[in-house]
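Colleague: Order-wise, the sequence lines are chains B and S.
Heads up: the first sequence is residues 1 to 114, going by my numbering.
Heads up: the second sequence is residues 115 to 227, going by my numbering.
You may find that some hints are simply not true.
As the list claims (entries may be wrong) - Cut-off 27 Å, straight-line C-alpha distance, at most; resulting in silico cross-link-like pairs (DSS-like, lysine-lysine):
| id | chain 1 | residue 1 | chain 2 | residue 2 |
| --- | --- | --- | --- | --- |
| 1 | B | Lys57 | S | Lys170 |
| 2 | B | Lys57 | B | Lys3 |
| 3 | S | Lys214 | B | Lys55 |
| 4 | S | Lys170 | S | Lys214 |
| 5 | B | Lys71 | B | Lys57 |
| 6 | S | Lys150 | B | Lys57 |
| 7 | S | Lys182 | B | Lys3 |
| 8 | B | Lys3 | S | Lys184 |
Unchecked claim - One-sided and incomplete, this derived list gives chain S residues near chain B with beta-carbon spacing under 7 Å:
| id | residue |
| --- | --- |
| 9 | Phe123 |
| 10 | Tyr138 |
| 11 | Pro153 |
| 12 | Ala155 |
Just so you know, these hints were derived from the structure itself, not from any lab.
A virtual CB, placed ideally from N, CA and C, is assigned to each residue, including glycine.
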Amino acid sequence: DVKVTQSSRYLVKRTGEKVFLECVQDMDHENMFWYRQDPGLGLRLIYFSYDVKMKEKGDIPEGYSVSREKKERFSLILESASTNQTSMYLCASSPSFGTAYEQYFGPGTRLTVT
Amino acid sequence: GEDVEQSLFLSVREGDSSVINCTYTDSSSTYLYWYKQEPGAGLQLLTYIFSNMDMKQDQRLTVLLNKKDKHLSLRIADTQTGDSAIYFCAESRGPGGYQKVTFGTGTKLQVIP
Chain B
1 DVKVTQSSRY
11 LVKRTGEKVF
21 LECVQDMDHE
31 NMFWYRQDPG
41 LGLRLIYFSY
51 DVKMKEKGDI
61 PEGYSVSREK
71 KERFSLILES
81 ASTNQTSMYL
91 CASSPSFGTA
101 YEQYFGPGTR
111 LTVT
Chain S
115 GEDVEQSLFL
125 SVREGDSSVI
135 NCTYTDSSST
145 YLYWYKQEPG
155 AGLQLLTYIF
165 SNMDMKQDQR
175 LTVLLNKKDK
185 HLSLRIADTQ
195 TGDSAIYFCA
205 ESRGPGGYQK
215 VTFGTGTKLQ
225 VIP
């Protein structure tokens, strides 16, 4: 079974803090993604990576950065957390080959910025 | 840009059929998906349909696609309490490699015992 794990289920941070969200997948997938999930807005793509050290902006990259130094690990960084970044953050991974494009999701990190 | 819309909430009685609807705007959509998110969990792919198909059935699940109207639906027969979850419709332009997937807002299905 594909497993995508996220470092924390719940996180509370203060405004202005630097926040690291970690994601690890164990299936040697090339692609990894970070989304945020907000009620009524669904999932919105923040950043994705299709290879080690490669990254691409998604739909809402402002206020975020990412790092992918190893194939299995994709980190989301909030350089200076703000209250409008309070949200559920979901990491996903997918292979580059196949006849369908399934993404495998982690359980999510609920971040609260106070 | 691409847009995928769903109603936010659906309530059904246990044993009834549930129908969750979705509309999308991108005429280049090739793959359409239904994902399920149970409470406290990430999303899990339920089923997908290729755009040249009208229907796909998988046990209690039936997916209908009206490509002309850009309308996708998910029917769950004999709905059970374990089906209570948020259901996301999604679309992408192609298979394999990197393809951007656009997700809908999600429909929260409540099953009343």
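Colleague: Honestly, which of those hints from before does the structure not fit?
Modeller: Hints 1, 7, 8, 9, 10, 11 are the ones this structure does not satisfy, whereas the remaining hints hold.
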